[in-house]
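Kindly generate the complete structure, drawing on both the sequences and the hints.
Heads up: the protein sequence lines correspond to chains W and C, in order. Residue numbering for the first sequence follows our numbering, starting at 1 and increasing by one per position. Residue numbering for the second sequence follows our numbering, starting at 675 and increasing by one per position.
No lab work stands behind these hints: they were computed from the structure. Values in this document were obtained by computation on a predicted structure and should not be read as measured data. Beta carbons: idealized from backbone N, C-alpha and C, even for Gly. Take every hint as true, because none was put in to throw you off.
These stretches of chain C come out as covered by chain W in the derived footprint (C-beta under 8 Å, 3 or more residues):
#1 701-707
#2 721-734
#3 750-760
Quick list of the computed label-pair ranges, beta carbon to beta carbon:
#4 A511(W) x N692(C): 46 to 52 Å
#5 N692(C) x I666(W): 27 to 33 Å
#6 A511(W) x R748(C): 30 to 36 Å
#7 G714(C) x R430(W): 57 to 63 Å
#8 I666(W) x H760(C): 16 to 22 Å
#9 H703(C) x P494(W): 45 to 51 Å
#10 S739(C) x Y480(W): 45 to 51 Å
Given next are the chains, with one letter for each unit.
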Amino acid sequence: MDQHGGFSLPRKVTEKQPMPISNLLLQVLILSMAIATFVGFITRKMRLPYTVGLVLVGLVIGLVNRVEDVALPQRFVELVQFLLSNITPEFILGLLVTPLIFEAAFHLNWENLKRDLVFILALAVPGVILTTLLVGSILYSSTFLISPIFSFPYALLFGAMIAATDPVAVIALFRALGVPKRLQVLMEGESLFNDGTAIVVFALVSNIVLQSTKSGEYQALQLVLISISDFIRIAGGGLIIGLLLGWLVSQLIATIDDRLLETTLTTVLAFGSFLIAEEFHVSGVLAVVAAGLVNGNIGPKGMSPTTHILVTNFWEYAAFISNSIIFLLIGLEIDLTALATKWNAIFLAIIAVLIARGVVIYGLTWIGRDVNMKWRHILFWGGLRGAISLILALSLPLDLSMRGDLQLMVFGVVLFTILVQGISTPTITRLLKLSERSELQEEYERRHARAVAARAAYEHLQKMHRKGLFSEHTWKKISYVLKEHAEKLAEAVPEVMEVEPNIETEELIAARREALGAQRSVLNSLLIDGVISEEVYDQLVRSIDVQFARQPDEWAEYIRSSAKPRSITQLISAIVQIQDVENAIAGLTDAGFTVTRMSSSGGFLKRKNVILIIGCGAGQEKIIINLLRHICKKRVEYISSPLESYPIHMPITTAITVGGATIFTIKVERYEEI
Amino acid sequence: MKLMMIIMQSSDVDVIVNALTENAFRVTHIASTGGFLRRGMSTLIVGVEDEKVDEAIQILRFNLSPELDPSMRRATIFVLPVEEFHQV
Numbered sequence: 001m002d003q004h005g006g007f008s009l010p011r012k013v014t015e016k017q018p019m020p021i022s023n024l025l026l027q028v029l030i031l032s033m034a035i036a037t038f039v040g041f042i043t044r045k046m047r048l049p050y051t052v053g054l055v056l057v058g059l060v061i062g063l064v065n066r067v068e069d070v071a072l073p074q075r076f077v078e079l080v081q082f083l084l085s086n087i088t089p090e091f092i093l094g095l096l097v098t099p100l101i102f103e104a105a106f107h108l109n110w111e112n113l114k115r116d117l118v119f120i121l122a123l124a125v126p127g128v129i130l131t132t133l134l135v136g137s138i139l140y141s142s143t144f145l146i147s148p149i150f151s152f153p154y155a156l157l158f159g160a161m162i163a164a165t166d167p168v169a170v171i172a173l174f175r176a177l178g179v180p181k182r183l184q185v186l187m188e189g190e191s192l193f194n195d196g197t198a199i200v201v202f203a204l205v206s207n208i209v210l211q212s213t214k215s216g217e218y219q220a221l222q223l224v225l226i227s228i229s230d231f232i233r234i235a236g237g238g239l240i241i242g243l244l245l246g247w248l249v250s251q252l253i254a255t256i257d258d259r260l261l262e263t264t265l266t267t268v269l270a271f272g273s274f275l276i277a278e279e280f281h282v283s284g285v286l287a288v289v290a291a292g293l294v295n296g297n298i299g300p301k302g303m304s305p306t307t308h309i310l311v312t313n314f315w316e317y318a319a320f321i322s323n324s325i326i327f328l329l330i331g332l333e334i335d336l337t338a339l340a341t342k343w344n345a346i347f348l349a350i351i352a353v354l355i356a357r358g359v360v361i362y363g364l365t366w367i368g369r370d371v372n373m374k375w376r377h378i379l380f381w382g383g384l385r386g387a388i389s390l391i392l393a394l395s396l397p398l399d400l401s402m403r404g405d406l407q408l409m410v411f412g413v414v415l416f417t418i419l420v421q422g423i424s425t426p427t428i429t430r431l432l433k434l435s436e437r438s439e440l441q442e443e444y445e446r447r448h449a450r451a452v453a454a455r456a457a458y459e460h461l462q463k464m465h466r467k468g469l470f471s472e473h474t475w476k477k478i479s480y481v482l483k484e485h486a487e488k489l490a491e492a493v494p495e496v497m498e499v500e501p502n503i504e505t506e507e508l509i510a511a512r513r514e515a516l517g518a519q520r521s522v523l524n525s526l527l528i529d530g531v532i533s534e535e536v537y538d539q540l541v542r543s544i545d546v547q548f549a550r551q552p553d554e555w556a557e558y559i560r561s562s563a564k565p566r567s568i569t570q571l572i573s574a575i576v577q578i579q580d581v582e583n584a585i586a587g588l589t590d591a592g593f594t595v596t597r598m599s600s601s602g603g604f605l606k607r608k609n610v611i612l613i614i615g616c617g618a619g620q621e622k623i624i625i626n627l628l629r630h631i632c633k634k635r636v637e638y639i640s641s642p643l644e645s646y647p648i649h650m651p652i653t654t655a656i657t658v659g660g661a662t663i664f665t666i667k668v669e670r671y672e673e674i
Numbered sequence: 675m676k677l678m679m680i681i682m683q684s685s686d687v688d689v690i691v692n693a694l695t696e697n698a699f700r701v702t703h704i705a706s707t708g709g710f711l712r713r714g715m716s717t718l719i720v721g722v723e724d725e726k727v728d729e730a731i732q733i734l735r736f737n738l739s740p741e742l743d744p745s746m747r748r749a750t751i752f753v754l755p756v757e758e759f760h761q762v
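Laid out in structure tokens, this is it:
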């Protein structure tokens, strides 16, 4: 090979040399992101699930790429080829699925999950095993109908590959549709845990298949027993590693107060727990699930609101990128022309998968007793298959005799669930009237829209009149009617809100978020323009983030309570550390309370602190206490002080816990304002 | 026995403290800040017999300088129950 010195290589020679891997990877990544952005833009306009759009685009690119007559840019073909040949199942699982799972687990509220944990685990563990067995049995018993004849182990292998649900496409839409939170948690929880189970079951079944083909005959019972113990070891080990690491990192996060470091720590946790678990030959996916759950539920308690926002946004973005690439890959991997040749096997597989899903969802009725039928329909039809099935199909051993057929069937089922079930689930959700948007909501929308339209009409005519396009006479006649009409319509809007306060709450929350966002961006530009220092910026942004982090429902409650006339029944005297004072006052004032501050000092180190005096009405003390709990975080600080008893002057560091607030609530007998 | 906490603007403090002490109330003055604009505020702590609460409020009403903006409060008064009171 030629060795070229210097940087200006002759162009012809460089084209012959293969491009460095890192370069190709970067190009593939950027290309995928560009496609993802484009697809996202289009699907939003067409109100199609984003992931469905990606799969479709992937399919089209794959199709065009396989037809040799169509001239695609050489570089483009190279990139697609590179993507398909180099993206291994391990790569997808480790680099792309880990962020997805971690993000989902991180955001899953334990309190919400706990309520349906039994049902979710029933779906995720026995449910997955049952699906595997059912799909396997149905396929095996009707195998005479199709061209590749399946032996039972192979049929089981297919069942295992297709057992895990992946309803990302549906869940993303659920949020927009206003589907009850609990149903979302059910679906997300199931898909979170069953990924891990399915991977373990798949590994065990493929082990059985390989052994059965090697030895010819095998001790069925012995294998099953080994499988069960393996299952417990692999799943349990993964969960334990994840729990431990998640807890450890959460503790670490509590001692650090640096948003970048803390975000990095969560990244290390996500990928680290996967790698460590895999190193110990236990389930990496389940380790990530456990780590994410623990970290997402304990970790934020040790994070400042600013950090929490950054961590949340970071993982949301990471999950978005992973999702985009995965679904594009699903589309690319599937060869439509090959699918067509095996249409009967795929058709049978789809039927088998649907029957198994139905049996599992409707059959486990006795566990999730208060999960009603409508929800079950959604769980049944919304149980899409996705990334995990694809990964498992790609990771089938190369020397497996029916590898190609199995892959085609898996791809076929995945494609069917994403395209047919994915697109139709939103419609079914609407037909079942599952969305929490009530008739009142619609009534509100109608009235609001009418009022806005009437006002726009009035303003439009007013503008035309000013330009002299109307005679004064006409304007006088028409303006009176129009104005009265608009005013009447505007008055009709709050009537609905009185009946359905949720609508008001939603609008208040939205308005509040906008207001806070505007404040934050102004602070940003003030910082950039050099009007304020970094310190002031940090302080002010922190106090805004405190508001952001607050429970949205509480927000609306504050606003309502502060709008009501006050009757003060309680005096709250809160002793707050000096560094928390600004945020505490900002937060309380923002919530509509009047705060008086008095400087004082106290505590172990005679540190400066401040007494805040707040008057509040019945029931409001909880709000204040919650707010102060949020703002005045306990944290560990280190002080170095020379120890007097030491002969050598040696400073030692002592950890002390600071922060927190001491709150006295005192009953007010009488309250006067003069 | 009641404990009165009176939160008011610092500019009025001298007048009020004088008026209260003249009428045999014992007053403790704490400098503080508060309100929307973090103006200088003062908090007065006054221990009062049950039946003299009204009298104290009357004194305040009479001596506070009138606020130009009628929607603004001149003073906020919390009357708190006292379980035990000792003077040693």
